[in-house]
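Chains as they are written, first to last, in the numbering used here: chain A, -16 to 389; chain B, -16 to 389.
Possibly wrong hints are sitting among the right ones.
For identical chains, the list gives no copy identity; a pair is met inside one copy or between any two copies.
Unchecked claim - List time: in silico SDA-like cross-link candidates among lysine to any residue, alpha-carbon distance up to 20 Å: (1) 102 <-> 39; (2) 109 <-> 126; (3) 309 <-> -3; (4) 102 <-> 124; (5) 204 <-> 360; (6) 93 <-> 197; (7) 102 <-> 125; (8) 102 <-> 126; (9) 203 <-> 222; (10) 74 <-> 42.
For the record, the hints were derived by calculation from the structure and aren't laboratory data.
There are 2 protein chains.
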Amino acid sequence: MSLIVQKYGGTSVGNPQRILNVARRVVATQEAGHRVVVVVSAMSGVTDSLINLARQVSQNPSEREMDVLLSTGEQTTIALIAMAIEGLGKKAVSLTGGQAGIITDGVHTKAKIVNITPKQIHAHLKNEEIVIVAGFQGETTDGRITTLGRGGSDLTAIAIASAIKADVCQIFTDVDGVYTCDPRIVPTARKIDAISYDEMLEMASSGSKVMQSRSVEFAKKFGVVFEVRSSFNNNPGTIVTEETEDMENVVVRGISIEKNQAKVTIRQVPDRPGTAARIFTALAATSVILDMIVQSDSVGDTNDISFTLNKDELPKAQAALNSVMKEIGAKDIVTEEGIAKLSIVGIGMRSHSGVAARLFEAMAAGGINIQLISTSEIKTAVIIDEAKINEAAQLAHEAFGLSGKA
Amino acid sequence: MSLIVQKYGGTSVGNPQRILNVARRVVATQEAGHRVVVVVSAMSGVTDSLINLARQVSQNPSEREMDVLLSTGEQTTIALIAMAIEGLGKKAVSLTGGQAGIITDGVHTKAKIVNITPKQIHAHLKNEEIVIVAGFQGETTDGRITTLGRGGSDLTAIAIASAIKADVCQIFTDVDGVYTCDPRIVPTARKIDAISYDEMLEMASSGSKVMQSRSVEFAKKFGVVFEVRSSFNNNPGTIVTEETEDMENVVVRGISIEKNQAKVTIRQVPDRPGTAARIFTALAATSVILDMIVQSDSVGDTNDISFTLNKDELPKAQAALNSVMKEIGAKDIVTEEGIAKLSIVGIGMRSHSGVAARLFEAMAAGGINIQLISTSEIKTAVIIDEAKINEAAQLAHEAFGLSGKA
Chain A
-16 MSLIVQKYGG
-6 TSVGNPQRIL
4 NVARRVVATQ
14 EAGHRVVVVV
24 SAMSGVTDSL
34 INLARQVSQN
44 PSEREMDVLL
54 STGEQTTIAL
64 IAMAIEGLGK
74 KAVSLTGGQA
84 GIITDGVHTK
94 AKIVNITPKQ
104 IHAHLKNEEI
114 VIVAGFQGET
124 TDGRITTLGR
134 GGSDLTAIAI
144 ASAIKADVCQ
154 IFTDVDGVYT
164 CDPRIVPTAR
174 KIDAISYDEM
184 LEMASSGSKV
194 MQSRSVEFAK
204 KFGVVFEVRS
214 SFNNNPGTIV
224 TEETEDMENV
234 VVRGISIEKN
244 QAKVTIRQVP
254 DRPGTAARIF
264 TALAATSVIL
274 DMIVQSDSVG
284 DTNDISFTLN
294 KDELPKAQAA
304 LNSVMKEIGA
314 KDIVTEEGIA
324 KLSIVGIGMR
334 SHSGVAARLF
344 EAMAAGGINI
354 QLISTSEIKT
364 AVIIDEAKIN
374 EAAQLAHEAF
384 GLSGKA
Chain B
-16 MSLIVQKYGG
-6 TSVGNPQRIL
4 NVARRVVATQ
14 EAGHRVVVVV
24 SAMSGVTDSL
34 INLARQVSQN
44 PSEREMDVLL
54 STGEQTTIAL
64 IAMAIEGLGK
74 KAVSLTGGQA
84 GIITDGVHTK
94 AKIVNITPKQ
104 IHAHLKNEEI
114 VIVAGFQGET
124 TDGRITTLGR
134 GGSDLTAIAI
144 ASAIKADVCQ
154 IFTDVDGVYT
164 CDPRIVPTAR
174 KIDAISYDEM
184 LEMASSGSKV
194 MQSRSVEFAK
204 KFGVVFEVRS
214 SFNNNPGTIV
224 TEETEDMENV
234 VVRGISIEKN
244 QAKVTIRQVP
254 DRPGTAARIF
264 TALAATSVIL
274 DMIVQSDSVG
284 DTNDISFTLN
294 KDELPKAQAA
304 LNSVMKEIGA
314 KDIVTEEGIA
324 KLSIVGIGMR
334 SHSGVAARLF
344 EAMAAGGINI
354 QLISTSEIKT
364 AVIIDEAKIN
374 EAAQLAHEAF
384 GLSGKA
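Using the sequences and the hints, build the whole thing.
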């Protein structure tokens, strides 16, 4: 008999019929001889309607009250799931985040879990009840309702799995797992059976948004093995776990692409200490998220500094740069839209040389020009023309043999 | 500076515009120099949608989970009201029933308040915040969410007013107060300025559903004076309070009518001990609510027993009676629909004789036949033909001088 945590996202519980489907799946898990804790999100669309309501009564609603408001979304789902399970003849009990013992700091709308005291969860499991916990929410030690921000329900599931020492943690979603590449772009892409935390983090930060990085980081920190799988079929999903020796035999685990990028180059920046700091402090103040940052080798007494960012944030970044251009004495700013990023990710590339070369050869074979290159220990990323990103992904997928078996 | 509790019902907070109106009213109260605690219901329609959702996932949802589900309705409103008040530049804080210290027993969907520990309310008031409390809900000592059943938000307001020793408790609703009779039936009906708890209770139990009896009973028990008034204008409402000597000068405070009644007469019931008990035990087991019960003086060794009830419950009552008819040996059952009840209510009738006579005269003057009569210390009720109920109400209203001033 295993202790299993199952998390179902907003799409999986998006209407009464789907809620009944989830209930059947949970009951089947219990009937297979397991104890089950279920973590659920708000029904899809509910959070948006609540935010819309808030906007109609206040231009700038306080974060404390947003948390009181939004937490009703998950509370609605837990009650409905519990009712549906009871309707199938099994014992179930719903718990809000606070009732489940999820203690957070007081940073409303993006609280961090500081502690979990799963006394209630254990008591109900002992009573042979299926326990349904509201994801995304917690409570401060002085009893205020908090929410965990984006990806909060995944985090709840992984944190509870850690706290109750669950044998299995399953993250049910609307995709079958993590793929070697987006199947809409690379038709030969296949589901990855197992992936390391670090690879998963690199995939997430490179555009494969199956899960938010913070949940994966938490799982890594506490050694929680979890599976990402679909709530709409019974296919096994992708196991996310510590890296194994076996994993290293695969040089590249997957390819991640990110469109809608833009590139900014500040030309002829005087080569003296503090200049780069001045530029990026100005950008940081705008809360624009930068991706790759590349500084060319200095030629003479200036160099060029380039960075990429989401193209929607370009105007904000430009405004910030314009305000410091005179002070730093650079020549000018050149921007370019219509670019995209392709990243190859794999812990195997640590021990294999020539990975970057193989990627560049694949791009060259397709006549694709590489504009920027950035590497980490387990990732190599290139910026190319957005019009060629699908072709590039297919070429790289082929070059690293990802269409074959892992 | 007074400490004021204001309660707003579902219609008063039924949409974002109305929520903003309530926020303005609350802020105006604070700006007039008062400390304010606001109790709110779910936005009108929300509770029904939640019940509808529950029915779609379970034919017989458990009461524990219904409470978890329904309590989200008021939680949504408190957050929105707090946001709206903050948007007007004032400090506000929302509290769920549990957070506000409303401790109930564990009878889900119709819990009773057993204690209020208003520590949080006091702390926030001291901090000059407007405190918004979710009506209709509480928490058991072991942390389960409960709801108080019908009229629960009024009860929350009155219980909090009692616990924090508020100077004023205002129940805002969609009517201007308690009227001498339903103005749709008696156009000369006028708003009553002050009414005693007992009169209010008799009016409520006789069909004037401004408030549920349990809230009035609670107010009476703890001596909470409250005002029923409209949230859509600034007219003073009706004060509900202990009776005063002055009140007794008015013989009849108001007239209440109740349509959709039915009468059941069991004829020739053998006149021996235990027979009536047998009949009404059988009826009680069906949970049918009976109103008037009249037993005629025995003629020979049998008598007739009549009672009235809502006509929708007639089939249930008949089935219950059929099962005991043989056992008790009565002759037969006669039922009649199309009847209505008219009640005159007033503490003044205690000390004035001839009240019933004046009512009967008024009915006689209109050629209205009286089928049953029932009296209590401060109420006289008659059952008449439903087709004549409006005329009867107008005649009685005139006969007791209710169109004039109090």
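Going through the hints against the structure:
For the homomeric pair residue 102 and residue 39, neither the shortest alpha-carbon distance inside one copy (39 Å) nor that between copies (32 Å) is at most 20 Å. When the C-alpha separation of residue 109 and residue 126 is checked against a cutoff of 20 Å, the pair qualifies only between copies, where the shortest distance is 18 Å, while the shortest distance within a copy is 26 Å. In this homomeric assembly, residue 309 and residue -3 never come within 20 Å of each other (Cα to Cα): the closest approach is 53 Å inside a single copy and 56 Å across copies. In this assembly of identical chains, the alpha carbons of residue 102 and residue 124 lie at most 20 Å apart whether taken from the same copy (15 Å) or from different copies (16 Å).
With identical chains, the CA atoms of residue 204 and residue 360 are at most 20 Å apart within one copy only, with a shortest distance of 19 Å there and 74 Å across copies. Taking the closest pair of Cα atoms, residue 93 and residue 197 come within 20 Å of each other only inside a single copy of the chain (11 Å); across copies the shortest separation is 42 Å, beyond that limit. In this assembly of identical chains, the alpha carbons of residue 102 and residue 125 lie at most 20 Å apart whether taken from the same copy (18 Å) or from different copies (12 Å). Within a single copy, residue 102 and residue 126 get their C-alpha atoms as close as 17 Å, and across copies as close as 12 Å, so both meet the 20 Å cut-off.
Proximity of residue 203 and residue 222 under a CA criterion of 20 Å is satisfied intra-copy only: 13 Å inside one chain copy versus 63 Å between copies. Taking the closest pair of Cα atoms, residue 74 and residue 42 come within 20 Å of each other only across two copies (15 Å); inside a single copy the shortest separation is 43 Å, beyond that limit.
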